[in-house]
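Chemist: These protein sequences, in sequence, are chains A and B. Each residue of the first sequence is one higher than the last, beginning at 9 in this note's numbering. Each residue of the second sequence is one higher than the last, beginning at 8 in this note's numbering.
Incorrect hints may have been included.
As the list claims (entries may be wrong) - Derived pair list, reagent style SDA-like, types lysine to any residue, alpha-carbon separation capped at 25 Å:
no.	chain 1	residue 1	chain 2	residue 2
1	B	K170	A	H422
2	A	K178	B	R120
3	A	K119	B	Y172
4	A	K178	B	D158
5	A	K178	A	E344
6	A	K160	B	V171
7	B	K170	A	P137
8	A	K119	B	R177
9	A	K178	B	S160
10	B	K170	A	D122
11	A	K178	B	V171
12	B	K58	A	K295
13	A	K295	A	F539
14	A	K295	A	T248
15	B	K170	A	T55
16	A	K178	B	R166
17	A	K119	B	E163
18	A	K160	B	E163
19	B	K58	A	T55
20	B	K58	A	R498
21	B	K170	A	D58
22	B	K170	A	N181
23	A	K160	B	R173
24	A	K160	B	A35
25	A	K533	A	R498
What the hints contain is simulated information worked out from the structure, not anything from laboratory work.
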Amino acid sequence: MADAVDVLIVGAGASGAAVAWSLAETRMRIVCLEQGDWMNPLRYPSTGRDWEARAFGDMSISPNRRRRDTDYPVNDANSPIAVANFNAVGGSTILYAGHFPRFHPSDFRVKTLDGVADDWPIDYDTLEPFYAENDRMMGTSGLDGDPAYPPKHAPMPPVPLGKSGQTLAKGFNQLGWHWWPSDTAIATQPYDGRDRCINLGACGSGCAQGAKASTDITYWPHAVRAGVEVRTRCRVREITVNDEGMASGVTYYDEEGVEHFQAAQVVIVACNGVGTPRLLLNSTSGKFPNGLANSSGLVGKNLMFHPYASIQGVFEEPMDGYKGPGVCIWSQEFYETDAERGFVRGYTYEIHRGRGPVATALTGLHSGRIPLGEGHHEAYRRMFNRVTGMVGICEDLPEEHNTVTLDPELEDAHGIPAPKIDYTLSENSRRMLDHAVARGTEVLRAAGAVDIITEAPIAAGGWHLMGTARMGTDPQRSVVNEWGRAHDVRNLFIVDGSIFVTSAGVNPTRTIQALALYVADSMKKRLANLFD
Amino acid sequence: MDSIATDNPFTEEQERALIALAGAIIPANSAYAVPGTDDPLIAADILATAKRHADAVSAALDREDRLAIARHGAKFVDLDAAARQSQIERANQPGSGDDAEDELDRARFRGQRAMLSIIAQCYYRDDRVMRSLDMEPRSPFPEGFEVEEGDWSLLEPVRRRGKVYRDAPR
């Protein structure tokens, strides 16, 4: 048995990296167990001619398609939206687009303002300093003054508008709708040892340039230099407890499949909205027969995804196509609740520049716009470099019947039960998706699109995994308290998207990391009486 | 008889059928000076890639053969060029009036995604095809690409409109 460590973190992704870095200044002995590897950017797809093919293969967003040794399978057959993730040091930030919005003040008060779901036990002002700290560590780019947000500052200027951004900006202006250059986790200048973006166009399968802020090149180098130990290829099976009902450590498998026990004074779970409930539900004992920290019965419940609508326009003029960071501008015209729209809450439009030659072909072939056989080339050229558009990121409200449970049959390579997803799209989400498609079509037409291609929800688009170990002050209605400590286990903390009370209508990574820094700060302020 | 071990999941006939099918899906085009997917270099790339998806590809080839036999009494690979083209292009406008053939068409279309993905991946990374699209035949990294900055004065009407977010109670 290894010597006990002070803090053991499970998962080296967006939140695990942030909490590790923040706690490192305490000089406690901190170990992070990660089932994936350190990634080598020189092997990312954009370094090869097959860069688009690999985004459908070994660098796919789907663990079930990717099937790396470091992945675990997910049974999402009973969900219209499939789980997307990545397992490595850096987690899903390896593959994310780097679209980096914050939550809004209203997102923390949905019950008070709109009468749905629950208010968060914290508010925007509580998180604001941690958003700012995270912006500095990740290196965000953006333009100050967005009227959709309280004042905030990005350390670097925004990514370029390009042809695509300009074209759609004119469409939004014609309709009098909000738009603004997106906040991105993409360096537009040299920053903290990283070089600037050179518009590789392959953000979604790893940034070989190092401009995109994945946590393996942002937080982790600082945390490791400060003394945090990262052990890769270590897959945690369960969190163990002692006779007092406190977490005593974890049981994990190393690369050779050898079982180990690592004792710890504090355990922090950072496996996000599917991995975290999977681990807690698999951590059963006499004291916790229904899974660890699950006296509320809410571990694995209230799964929220963000249903996505894709609305793409075909233009007669060239757009940015395969060049540039995928993201450029956003619109939050339909973000705040308006009862006349027929749904509560709202969504963000994340505008994408375009797509590569292979993705263009597949979009055209699958939608019937590019025929098989004669006529292929003419039709292809009408689409190549001429498609641009947006996705609508719809707020998903928490519903207890949307769940992550343990699959009774499917297992990973170590015999650990795989997660099973049961998820139904709500009527509110359907209406919101319809609205996003209709208004997105309107703005694309205003911008000059001659054809529109839509998909809602995006079946493969379960990028955002939230709500399955929610935070709150009532132990019967939440899993962790208002600073991330499990109600049932006083030395167990959760810092990832699973503690979200609601999902907002924006990409969650910036908020996940701000929460991780906030929980770490709360722990540091209470070190003398952390377990009281 | 001794046999030679091979990692090729396809028979010779399946390989010929796959290349014939690919060539019918994206034919050569002289106006754009591009080869078809049955070009030897592209075909070799397709065969190598298809091995990693052998089950899906074999199933797709089998469906093409069943449809070809139902219509022409011969396997796809044995059809002449016009018949191959005709069968492929039916997928653009399915619905012959024959229920059994239409069902086969629909099943074929559903099963084609993996095959189309392989064909598109291999075709649109060929040097000749990329040049015909005014692309440099290279990987994105390390040179990257230029993207124009754009006209930031477009933001003026958004600034003039002012705040659009809601305040919330603490």
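Chemist: Run every hint past the structure and note whether it holds.
Modeler: Cross-check of the supplied hints:
1. B:K170 - A:H422: 53 Å, violated
2. A:K178 - B:R120: 36 Å, violated
3. A:K119 - B:Y172: It holds: about 17 Å lies between the C-alpha atoms, which stays within 25 Å.
4. A:K178 - B:D158: 10 Å, holds
5. A:K178 - A:E344: 23 Å, holds
6. A:K160 - B:V171: Holds, at roughly 15 Å.
7. B:K170 - A:P137: 22 Å, holds
8. A:K119 - B:R177: 13 Å, holds
9. A:K178 - B:S160: 11 Å, holds
10. B:K170 - A:D122: 20 Å, holds
11. A:K178 - B:V171: Since the Cα atoms of K178 of chain A and V171 of chain B sit roughly 19 Å apart, the hinted pair holds (cutoff 25 Å).
12. B:K58 - A:K295: Outside the cut-off at roughly 51 Å; violated.
13. A:K295 - A:F539: Holds, at about 18 Å.
14. A:K295 - A:T248: 11 Å, holds
15. B:K170 - A:T55: 43 Å, violated
16. A:K178 - B:R166: 14 Å, holds
17. A:K119 - B:E163: With a Cα-Cα distance of about 35 Å, the restraint between K119 of chain A and E163 of chain B is violated, given a limit of 25 Å.
18. A:K160 - B:E163: Status holds; Cα separation ~19 Å.
19. B:K58 - A:T55: Distance ~23 Å between K58 of chain B and T55 of chain A Cα, so the pair holds.
20. B:K58 - A:R498: 53 Å, violated
21. B:K170 - A:D58: 45 Å, violated
22. B:K170 - A:N181: 16 Å, holds
23. A:K160 - B:R173: It holds: about 16 Å lies between the C-alpha atoms, which stays within 25 Å.
24. A:K160 - B:A35: 54 Å, violated
25. A:K533 - A:R498: 15 Å, holds
In terms of the numbered hints stated before, the structure departs from hints 1, 2, 12, 15, 17, 20, 21 and 24, listed from lowest to highest.
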